[in-house]
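Build out the structure end to end from the sequences listed, making use of the hints.
Line by line, the protein sequences are chains A and B. Sequential numbering of the first sequence, starting at 1, is according to my numbering. Sequential numbering of the second sequence, starting at 362, is according to my numbering.
Just so you know, the hints here were simulated from the structure itself, not pulled from any lab data. One or more hints might be untrue.
Unchecked claim - Covered stretches of chain B (in silico footprint by chain A; criterion: 3 or more residues with CB under 8 angstroms from a CB of chain A, positions within the stretch not fixed):
#1 457 to 469
#2 477 to 487
#3 492 to 502
#4 622 to 633
Claimed, not checked - When the alpha-carbon atoms are kept at most 35 angstroms apart in a straight line, the in silico DSBU-like pairs for lysine-lysine are as follows:
#5 A:K239 x B:K432
#6 B:K640 x A:K347
#7 B:K640 x B:K707
#8 A:K312 x A:K29
#9 A:K82 x B:K432
#10 B:K389 x B:K568
#11 B:K568 x B:K606
#12 A:K239 x A:K29
#13 A:K240 x B:K432
#14 A:K148 x B:K707
#15 B:K640 x A:K353
#16 B:K590 x A:K347
#17 B:K590 x A:K245
#18 A:K153 x B:K606
#19 A:K285 x A:K353
#20 A:K285 x A:K29
Beta carbons are placed, not taken as given, at the ideal position from N, Cα and C, and that holds for glycine.
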Amino acid sequence: MQYTSTPYCCQRFLDPDGRLVSQLPAHLKEPAWLLNSYRHMVLIRHFNQRMVDLQRTGFIGTYPSCLGEEAIGTAIGLTLHKDDVFAPYYRDLAAQTLRGVSFKQQMQYWGGDEWGNHFEGTASADLPNCVPIATQVTHAAGIASAFKIRQEKRCALTTCGDGATSRGDFYEAINLAGAWHLPLVVVVNNNHWAISLPRHQQTAAPTLAHKAVAAGIESFQVDGNDIIALYDGIQYAVKKARAGKGATLIEAITYRLADHTTADDASRYRPTEEVNTAWNNEPIKRLRIYLTQQAWWSEQQEQQLIQQVNEKIQDAVNQFKATEAQPVDDLFDYLFADLPLPLAAQKSLARAKYNTQMKGT
Amino acid sequence: MGSQERGSQESLGNENSDISGSSMAPIKAVNLLEAVNLALHRAMESDENVVVLGEDIATNGGVFRATAGLKERFGRRRVMDTPLGETMIAGVAVGMATQQLRPVAEIQFMGFIYSTLEHLISHAARMRNRTRGRLSCPLVIRAPYGGGIHAPEHHSESMEALFAHIPGLRVVIPSSPTRAYGLLLSAIEEPDPVVFLEPKRIYRLSKQNLRDDGLGLPLDTCFTLRQGKDITLISWGAMIHETLKAADVLATQGVRAEVIDVATLAPMDLDTMILSIQKTGHGVVIQEAPRHCGVAAEIAASITERAFGYLRHPIQRVTGFDTPMPYYQHENLYLPSVTDIVDAAKRTLGML
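This is the structure we're talking about:
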């Protein structure tokens with residue numbers, strides 16, 4: 001698809017009922033990548049639900065569900081090259097998993113263990129989850145600057161929520177991306193709710209993609225529940241960045257079907273009818289209808305997939321539950337490259353305190 | 362353990378003493394600002410991953426000229442004028458540093474540094490820790506700071522304590538051209554983030570002979586600038602000059618003051634200060650910053666915890682007031698004076 005810098009335009013191939021509404025480009029007609037995407041989204045939906053369950057049963061801490069937002073991360077993960085760098089926000093289970101971050105590590109992260117950020121393989125240069133809103137966007141601009149300085153054909157991709165587009169970091173980063181012509185892709189996950197603040201109270205801008213106009217970078221909206229539109233749009237932006245043709249902002253329109261986090265109760269601030277309606281638009285159902293209609297997917301395959309997915313998740317949960325708490329020394333040993341003397345004394349104190357606490361239990 | 366200043370005792374009289382160096386690099390008489398500029402040139406020369414960014418730093422060479430000549434020498438790709446936005450400068454430096462660059466970012470004045478705090482606290486200072494060593498953040502944020510040059514509002518504060526309070530962050534402050542050169546080189550080579558605060562009142566105060574040999578000075582260590590057995594005077598940055606003058610005045614009254622330049626405020630070399638206090642039994646800590654929760658308070662408390670039995674008088678502080686830095690008509694009232702330091706020392710010694 002040809003993108004323009006008209007930010008009003010919202011790209012969509014697959015409508016909520018699984019009907020094709022635009023002609024598919026040849027390279028997107030192949031069933032393999034669609035089946036791959038479908039399997040991944042189902043995997044993520046089940047794992048995400050397991051994460052919520054693990055929080056409810058006390059195995060992990062507060063957790064932000066990505067229910068209904070699985071397509072965005074899936075498209076990102078499928079698009080990014082190994083040598084690109086991903087700077088996530090904190091609802092990026094789907095993309096991180098495709099970057100090779102294991103389920104066990106994601107459980108460690110949300111379960112209070114910094115080793116969950118010690119990514120390996122493809123993700124080894126990726127940033128960890130970013131909780132302070134929008135700060136990852138300036139980091140991604142810095143990463144893109146590093147690529148440009150070294151004249152590397154790589155791209156930095158970052159995600160943020162709709163609320164993040166109100167923050168200074170977001171504006172300052174996209175402004176720099178325009179001024180410096182950076183190989184940066186910003187995917188705004190517009191799920192319509194920044195905790196309790198709805199999109200229409202966040203900004204008077206007609207679309208979030210409009211914000212890129214002032215920064216002088218190309219932007220467009222895509223249906224964030226349509227894996228095909230997402231994949232096409234993100235692929236366009238990533239290719240463009242890697243070719244040295246500058247930055248792109250993509251507003252992916254989706255809906256947060258879950259509470260903000262497990263510590264939130266969205267029924268306090270948004271009507272149930274709105275959530276029920278949004279369920280009609282979710283990304284997995286429409287793709288399943290489409291795949292089934294194409295005779296690429298069957299009920300039998302579905303059952304088989306769910307079984308595989310649950311086994312994989314259970315394996316990871318078992319691994320996570322068998323992981324011992326990290327040694328107390330780790331609190332100190334990674335703060336600086338070399339432990340400064342005053343901290344060495346505190347490290348001894350922490351060890352002694354830990355040993356005393358252990359004796360008490 | 363603290364470093365002895367190379368050469369003999371430092372006072373205002375021997376600012377021109379050479380520092381020794383092994384290379385045959387020429388010796389030049391430079392002020393603190395020129396020393397910063399030399400160190401930046403040297404660091405960029407020896408490591409292609411060092412990049413410099415900030416507002417007005419490339420074509421203009423910085424509002425104080427600290428980065429003059431870098432763009433001409435190393436090109437626009439490595440010496441970057443940024444759009445105006447300190448949050449972005451800090452965030453971009455974090456991003457660069459996670460990808461093997463060594464950014465040295467200038468914040469034009471400390472008064473504009475506050476919006477970088479989020480990136481320093483939440484990211485730079487903990488990137489290594491939160492990724493358990495997978496990523497690190499070898500960046501330097503340089504900023505001129507402190508009063509005494511009759512600058513406009515928001516240009517004269519000493520807020521070093523804000524940074525010293527952040528776990529994982531190094532805070533380094535030079536007090537002479539040779540230390541500016543050596544400490545900045547080490548800060549840039551350091552694998553972890555450093556806030557490098559340059560006392561602008563002494564940017565052009567005096568010159569020292571400096572050999573541009575690329576040798577760094579140790580971080581995390583105090584410099585004992587002057588030996589004495591009666592009282593320990595502890596300070597950093599521009600206040601070192603008043604402190605050395607006070608030591609001269611005290612000497613005329615028979616008091617031999619030891620003068621310690623803390624230099625790295627975090628992590629702090631308390632051992633050197635405590636050894637000195639064990640010898641002298643008396644201490645005064647001098648800072649330009651406001652008193653409440655300042656670095657002087659941390660030093661006084663730590664010495665009291667660890668060397669109470671040696672103290673013959675409570676540690677005294679000489680500080681700015683807990684008011685905003687006044688506009689420049691009254692800035693000399695705000696800044697600790699030589700007399701303030703001499704009086705505090707004499708009170709401590711029971712001479713007043």
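Against the structure, the hints:
no. : hint            : verdict
1   : 457 to 469      : holds (count 7)
2   : 477 to 487      : holds (count 5)
3   : 492 to 502      : holds (count 6)
4   : 622 to 633      : holds (count 5)
5   : A:K239 x B:K432 : 31 angstroms, holds
6   : B:K640 x A:K347 : 28 angstroms, holds
7   : B:K640 x B:K707 : 17 angstroms, holds
8   : A:K312 x A:K29  : 29 angstroms, holds
9   : A:K82 x B:K432  : 33 angstroms, holds
10  : B:K389 x B:K568 : 9 angstroms, holds
11  : B:K568 x B:K606 : 17 angstroms, holds
12  : A:K239 x A:K29  : 19 angstroms, holds
13  : A:K240 x B:K432 : 29 angstroms, holds
14  : A:K148 x B:K707 : 59 angstroms, violated
15  : B:K640 x A:K353 : 33 angstroms, holds
16  : B:K590 x A:K347 : 33 angstroms, holds
17  : B:K590 x A:K245 : 67 angstroms, violated
18  : A:K153 x B:K606 : 57 angstroms, violated
19  : A:K285 x A:K353 : 52 angstroms, violated
20  : A:K285 x A:K29  : 19 angstroms, holds
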